[in-house]
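If you're matching them up, the sequences are chains A and B in order. Residue 30 in my numbering sits at position 30 of the first sequence, and the numbers go up by one each step. Just so we're on the same page, my numbering is the position in the second sequence counted from 1, plus 263.
Just to be clear, a hint being listed does not mean it is correct.
[Stated by the list, open to error] Simulated pairs of lysine to aspartate or glutamate, EDC-like, Cα-Cα distance not exceeding 20 Å:
1. B:Lys803 / B:Glu891
2. B:Lys833 / B:Asp848
3. B:Lys803 / B:Glu387
4. A:Lys38 / B:Asp976
5. B:Lys718 / A:Glu260
6. A:Lys38 / B:Glu891
7. A:Lys38 / B:Asp291
8. B:Lys294 / B:Asp431
9. A:Lys38 / B:Glu394
10. B:Lys1044 / A:Asp239
11. B:Lys1044 / A:Asp245
12. A:Lys84 / A:Asp63
13. B:Lys718 / A:Asp234
14. A:Lys38 / B:Asp549
15. A:Lys38 / B:Asp475
16. A:Lys84 / A:Glu61
[Claimed, not checked] To give a feel for the contact side, a few chain A residues facing chain B, derived at Cβ under 8 Å:
17. Phe175
18. Pro178
19. Ala179
20. Ser180
21. Ile240
22. His241
23. Ala242
24. Ser243
25. Tyr246
26. Leu250
27. Val253
No lab work stands behind these hints, which were simulated from the structure alone. Just so you know, these numbers come straight off a predicted model, no measurement behind them. Glycine is no exception: its CB is placed at the ideal position from the N, C-alpha and C atoms.
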Amino acid sequence: MYAFTYQRPTSLADAAAAIQAEEAKLLGGGQTLLPTLKQRLARPTDLIDLGAIPELKGIREADGGLEIGAFTRHAEVAHSDLVKRVIPALASLAEGIGDRQVRNMGTMGGSIANADPSADYPSAAVALKASVTTDRRTIAGDDFFTGMFETALEPGEIVKSVRFSRPDKAAYAKFRNPASRYAIVGVFVAKFGAEVRVAVTGAAGSVFRATAFETALAADFRAEALNGLSVEADGLNADIHASADYRAHLVTVMAKRAVEAAG
Amino acid sequence: MANPNGIGASVRRREDQRFLTGRGNYTDDFKRPNMTHAVHVRSPYAHARILGIDFADAAAMPGVVAVLTGADMEADKVGSLPCGWQIHSKDGSPMKEPPHHPLARDRVRYVGDAVAVVIAETREQARDAAEMVVVDYEELPAVGSSTRAIAGGAPLVHDDAPDNVCYDWHLGDKAAVDTAFANAAHVAKIDLVNQRLVPNAMEPRAAMGEYDQSSGEYTLTTTSQNPHVTRLLMGAFVLGIPEHKLRVVAPDVGGGFGSKIFHYGEEAVVTWAARKVGRPVKWTADRSESFLTDAHGRDHVSHAELAMDADGNFLALRVSTLANLGAYLSTFAPSIPTYLYATLLAGQYKTPAIYAEVKAVFTNTAPVDAYRGAGRPEACYLIERIVDVAAGVMGMDKTEIRRRNFVPKEAMPYQTPVALQYDTGDFAKNLDIALPLVDYPGFQQRRAESKARGKLRGIGFATYIEACGIAPSNVAGALGARAGLYECAEVRFHPTGSVTVFTGAHSHGQGHETTFAQIVAERFGIPIENVEIVHGDTNKIPFGMGTYGSRSLAVGGSALVKAMDKVERKAKKIAAHMLEAAETDIEVKDGRFTVAGTDKSLGIGDIALQAYVPHNFPLDELEPGLDEQAFYDPKNFTYPNGCHVCELEIDPDTGVTTIVSFAAVDDFGNVINPLIVEGQVHGGLVQGIGQALYENCVYDEDSGQLVTGSYMDYCMPRADDVPSFTVRYHEDQPCTHNPLGVKGCGEAGTIGAAAAVMNAVVDALSDYGVTHMDMPATPEKVWRTIRDAAPAMAAE
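Here chain B stands alone, though its shape is the one from the complex (with noise of 0.2 Å):
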């Protein structure tokens, strides 16, 4: 490696300095001159009628600047809160939209529905008198959970979507399907649910609304993943502003897991209420109003059923999956059951023919949508729970019947029978690494002297491969979404050689301003410390997708590549001149440009500065300057794919699960940087490991009150539920269609972990005959479902 900070280097985070000092700049942290503060007041009925709204007193109170509801907003013609993907039923209908305003105008719909604004002077006063707001309700019949949506005779949460049905969704070849089963040796069957989580980033959702009377511009600060698409959004569909008269900033922003990729009502709220008040206004929202108003995650219930030949060959697979879109429609939920969680269902295995139903419904609960992972989690989970399931049925070893059924490398590329073409994989090698990592062979001794100890040991494997870098534009089109998935990136060289970079890309956590650099600091064999990246603020970058989906370095990478591909052909074209040389005879090495056969060469910083002090110049044939930009559309997604395994031990007393090991084997193709992969993968499996374990969001069936709406009974993962990570990768298969041969690392973690574990645990209770048990295995369930096993045992 030339440059010690360059590719494949474990350079410490760049921003971490200011993070772990308390220098960080989150949109709370932004005061202006003259700023207000709002407040909402939200529904506390998941479903009511609004009769009237009172706010006489509260507009009275001290320091109220104004209180706001529905019926200003639609006076003001503010549009409903779009979304981003449009899915077509099995009979060619398109999904019903119903409207979701900002600020409810005639019904709410669910706890944390906002229904009025208040802004004041400070946030005490607005809280103040948001207490005195008083909303007349008629309280409606609530449907508290996707299987009551679709009950015979559920309350309707939109009077235009009959049953409660959003869309009735399929994917894959039935008739193929149907005739696999019927020619089957073996099924393996299996009923579970994916149970709702709450994303829970470290900093709330906070928004920043600025109107600048002598220009007519808007600003917004948010907390976003992705400030051009939230501008795109609000400006063009909710508040009618064009793009040149709004700035949409994301400033440092404290973890998103998908929950800030979504434009929230909020920031229409905000943004629209700074030129009604002729103020700055802010709202932050504490983490109660955080529980109940971000976008959830998951909260799938499915049926799946696995056909065999004799020998353990997987011949189809067939879902029918109930997801719960919550009460509105999200920015991008329709396609989080569907086309990032169906087409993922193959899973590393060769299963010739799926098919999948999926049936999204409304219900009185907060939204859901992509939350890390974002539908592949819940693909995983299934097929590898399912995979176990078959295991027991075949009487096979469990890595045995994974190994059977892989996709082989060979295969590659490979087109599964749900949509996706797989560029690389070695799904075997990934296996053949985890095992000695575990002491495979060794496991039976192990839950033998578990046994003697009193303790029940299990072990659990996961395989995942999921689809990153959501891509090329013209296919997801065609899936129904509306946006662009590009990356753009401009690199600007300053006269002196130092590199800004813009990117479209958004760190809120993943390191980005350190592996960008690492990508120009190797590519113009220049110090790190000369490469500022810049992210975040529609006014300074191209309008760029944002970050999720682990699709910033796949993608915004690839954009970065080619933007300075294009900086280095025009470099060589200023070599060629400044060396009087022929451009074909021009070489280029790690930022130096030299004359083939001679030692006559520059360096880049020489370039751009003759680049900019053009005295000799070629202004014939070039413009002066250095600064390229680049926009970057894949042409297919990535792969990342791995192997997880987890080895637990339970104490049958308490219903007590400890890890005791975890190992995980990754294909992330080529790694940027090895430390930050390694903290992507220990987060990831931290937040799989909370779902299997901890993580439970509640609503009362009947109230839809949202019963986990506190640390005290929303039970998060801490640094002493998990064990110290045993994390391995290989860069055997680089990404084919990427100039980095990168695949992404952010979700992996997560996709693979809760499968792993859940197989560990049903391992670990095999002798009780449990073949399934449903995510989280908290204590009293698995305490439970021994008690419940043994007298059966016994009377064995």
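This is chain A alone, in the form it adopts within the complex (with noise of 0.2 Å):
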């Protein structure tokens, strides 16, 4: 990796003080940013840890759902009680996140914030109607992934926290890349009371909701329902694993498992 000044600030406010240095980059867990430095993909001039900073830390209960602070590590939410009992679905999708050594440095806000298309949690934060607390104010999860890594944050602008509500049911069920084991399809499934929600990641530029998915699920909960229900492979991703149409199909068969598991 080229050469940068690393910083770790022990105060939100010294973080977004921080990040003003041009060209300055937020580390979270570092799973993604750390191979692309190595590789010397990207030269940034500072490297700001969040590590040390309390705010972004810690689990609550908050309005019946979850309140998750942005430096909470894929294994922390995993193994969880409070996750387990309010959203267990959401400690199950943690659990599945790339593998061990993964699990024990990411962290949910650096994945929100990279926006990586085969990332899990952006499909937990649109099907659980999450909203992004930033230094700066609140995104609804609806609006927070707006492309390929890319989001609504600003420049500069730090995620504190993420707020899931607390759904019936819900369950996630995705499919690996042999290979990197990213998702090329997951698909988490949500019901609250009369709504559905259906957010699919892995398969496009950025996540997205299928609503004819969740319009046939709102009136009929049951894998079933999706019987002849697909999305169009035109857009999707397309790669030496997974075609879009290869993609379209593995999204109807990835809901209906996330319908089952979800009960």
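Given two chains presented individually in distinct reference frames, assemble the corresponding complex, making use of the accompanying hints.
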């Protein structure tokens, strides 16, 4: 990697000040940034490590749902009794991210701010009607992800926490890339009373809702309700592991599996 | 078993203590005072002309010691990397052997081809400066695959290799095969691709060069499977350094799988540069460089036809293979798709006539050479796939058609129509052991149960035979080898009875430090702790050929036995003298030398002491010391063989294949350490399964760019991808021509597994009319096959 200045602020205010430096980068768990640096694909002047800021940590029950600090590692979400009790599907999603090493380092804030099209958390943020609190404002989960590696965050804006609503039923099913084990397709299904949300990650440039699936499941929350339904393959991602039409097919398969798992 | 750590004992690997506690000593761990670091500037293009190299800015960067290019090497008369095996084409002409410079001179021919080297105080400084080297390239059209290479009008990788052909070779009796096909009742046909693989040793390649100005001696520390071969090739052909001034050390090496047999350009660069800059120079590949520049494996495109009579007896096999050798000839590349492939096309079957044609071509891709199995997995895969197709043609059970065509045990030794003579093997027995392990009669019921759950279940068989311990030297030489293929060992007893063994074999995961010590402990009745195995340093070990092709025990172990024979012969003379008996009256058992019919005896330790403290020693008849060396040149190959059975389940909704069970029954001859053998089989099976289901090295056909250049895209098998293996072996058919009766086990798993898995995949999809699928059977490929076949099924 290229040389950079490493900073480890202990307050959000200090971090917000530090990130104003030109070409500074925020460092969460580093599971995307550090490999990028090692391959010399990025050249930040400063790396602002968010790991020593108390305001970014902790998992709390809030408004019947959960509020999870941005610097909460995937393993902490996966193993939290609180998360397992309030939104078990979220704990289960976290337990399936990457591998043990990734889960012990990677953070929720880093994952959603990076907005990797094949990351898992964006599907939960959308399906669980999340809101993202930053050092400046609150952004609805529906508005947060704007494109491939793009979010509504402004330059230097720092994610503080993410609030998730508690669904009646929910589950996440994903089909992993056999090589990288990122999601080729991940589908998060959540049922809130009469409303159903189906959020799809991995398949396209950014997380999206399968609205036809939602309508069908709102009427009949069973896997069979999705028979004959599929998302349009046009515009989906395609690579050597999965073509667009295979991904489109997998969205239906994974959605059905999520519905079955949600019970 | 007399010795608890002797032959046949599952002794835990002695070397693992240091490996598992982080105390291994790998090339990159070596640090020298004043050491510099080398980073190579590599071509981003698959094919380009070098118009100029501007390194003025790079040379001025902080910490930079030197920037060196192919022109500097040319000025110093550095030679081309040599090829160790020459093949002649059908017409008798020698293969095309274009130069392969450690640093490219006028053209680059694959992505990763080195054009310059930057040497700096630190690795990061060298990397920084390497980015500042400006190479002016004129991009040329590239050839990204073997089929492209032979297409009309394809660009030429080397101007002196017309049509990109290195050689067009054949083996076997074409006329006999044509006659057999003319009279055949049935013919099975198949087209298949054996895809390119990246070896992926855990330790990336590394090399450190040193030059001692006072003595004029060079030292190369390198990740090599055969340091003496590297010393010979680099010293004699590339750098012009005589052996006595060049030491090559291969310390702990973290896996090779063949990829570290070869002499690579970086080794020559650091050795040459060390003298040039007057300081030690170290280079360590990063993983991206490993993907780009380690010699790859496999990469065959084949068509095969099998002629049968009305009862399913094989009459003749006809094979045509296109082999991709990459941009340059790696050290042993030409031998892999020829003498290590076509000679194995008889498999376990008594097919009377076989004819194989192999066209080997240059492409703008990384060089291809031996990778675990090296030619033999390609042969096994082709044979076992076409046998399954033949079973379909005949409507025969897949085990029955194999059994019917096996070379019977009684026919051993058996001369195949493709040059080899099998010494031993009981192929039916392997199958007889395997079938109960997998409950073959119960398979149809299990298949029905899977179907009820919406899953497709398949079972696949593969039998294999491999030729290991490539030999003898005179035969290999007649076939084009430019090296001998013996092995050496020195057994040095120390005065107090401990032993150091110096072997030309090299351990980089095989466990020689344990198994070789077991052999010595057994022979001399001494504790294994008293035996040390030394390998890997040309200043310590006699000239040996290293480790590859499952040869270490069969060839290196035999050399060790020969050296121990010599030690024992001398010890017997000493014992006779000490015990005041005739030499012919001395009986030797487990290291004790006894006067027959008496209780007068001596242990080997007593004799060793006498040999080095010769106060009462037959100096007229014997020299002091107990230190003997032997070279062993085998009489024949060894022929490990076995039967693998894979059962798997396919999820038709996603196309995901899950291996349910895998049984491997092997005949490795006698087994020294069952635990290590089982570990070797496990590793081999996973690599074979990796090829069948996961691994695929993809180059863009047009641009020659490596698409699968990292683990994000190159899929390695993981522990959770494989089941718990059922591994059995039998020792009923020991090798008849080496003293230990051993055959070798290092490659067997890889050779049989891919075919067994793919036969099971095709079996699982048989209801859809599928008769073949190319590897790897990725989820999308399987899903698409099912989807495309489903409407046709519905229409029926």
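Consistency of the hints with the structure:
{"no.": "1", "hint": "B:Lys803 / B:Glu891", "result": "holds, 14 Å"}
{"no.": "2", "hint": "B:Lys833 / B:Asp848", "result": "holds, 14 Å"}
{"no.": "3", "hint": "B:Lys803 / B:Glu387", "result": "violated, 35 Å"}
{"no.": "4", "hint": "A:Lys38 / B:Asp976", "result": "holds, 18 Å"}
{"no.": "5", "hint": "B:Lys718 / A:Glu260", "result": "holds, 18 Å"}
{"no.": "6", "hint": "A:Lys38 / B:Glu891", "result": "violated, 51 Å"}
{"no.": "7", "hint": "A:Lys38 / B:Asp291", "result": "holds, 18 Å"}
{"no.": "8", "hint": "B:Lys294 / B:Asp431", "result": "violated, 47 Å"}
{"no.": "9", "hint": "A:Lys38 / B:Glu394", "result": "holds, 14 Å"}
{"no.": "10", "hint": "B:Lys1044 / A:Asp239", "result": "holds, 13 Å"}
{"no.": "11", "hint": "B:Lys1044 / A:Asp245", "result": "holds, 12 Å"}
{"no.": "12", "hint": "A:Lys84 / A:Asp63", "result": "holds, 17 Å"}
{"no.": "13", "hint": "B:Lys718 / A:Asp234", "result": "violated, 29 Å"}
{"no.": "14", "hint": "A:Lys38 / B:Asp549", "result": "holds, 10 Å"}
{"no.": "15", "hint": "A:Lys38 / B:Asp475", "result": "violated, 35 Å"}
{"no.": "16", "hint": "A:Lys84 / A:Glu61", "result": "holds, 12 Å"}
{"no.": "17", "hint": "Phe175", "result": "holds, 6 Å"}
{"no.": "18", "hint": "Pro178", "result": "holds, 5 Å"}
{"no.": "19", "hint": "Ala179", "result": "holds, 4 Å"}
{"no.": "20", "hint": "Ser180", "result": "holds, 4 Å"}
{"no.": "21", "hint": "Ile240", "result": "holds, 6 Å"}
{"no.": "22", "hint": "His241", "result": "holds, 7 Å"}
{"no.": "23", "hint": "Ala242", "result": "holds, 6 Å"}
{"no.": "24", "hint": "Ser243", "result": "holds, 7 Å"}
{"no.": "25", "hint": "Tyr246", "result": "holds, 5 Å"}
{"no.": "26", "hint": "Leu250", "result": "holds, 7 Å"}
{"no.": "27", "hint": "Val253", "result": "holds, 5 Å"}
Hint compliance for this structure: hints 3, 6, 8, 13, 15 are not met, and every other hint is.
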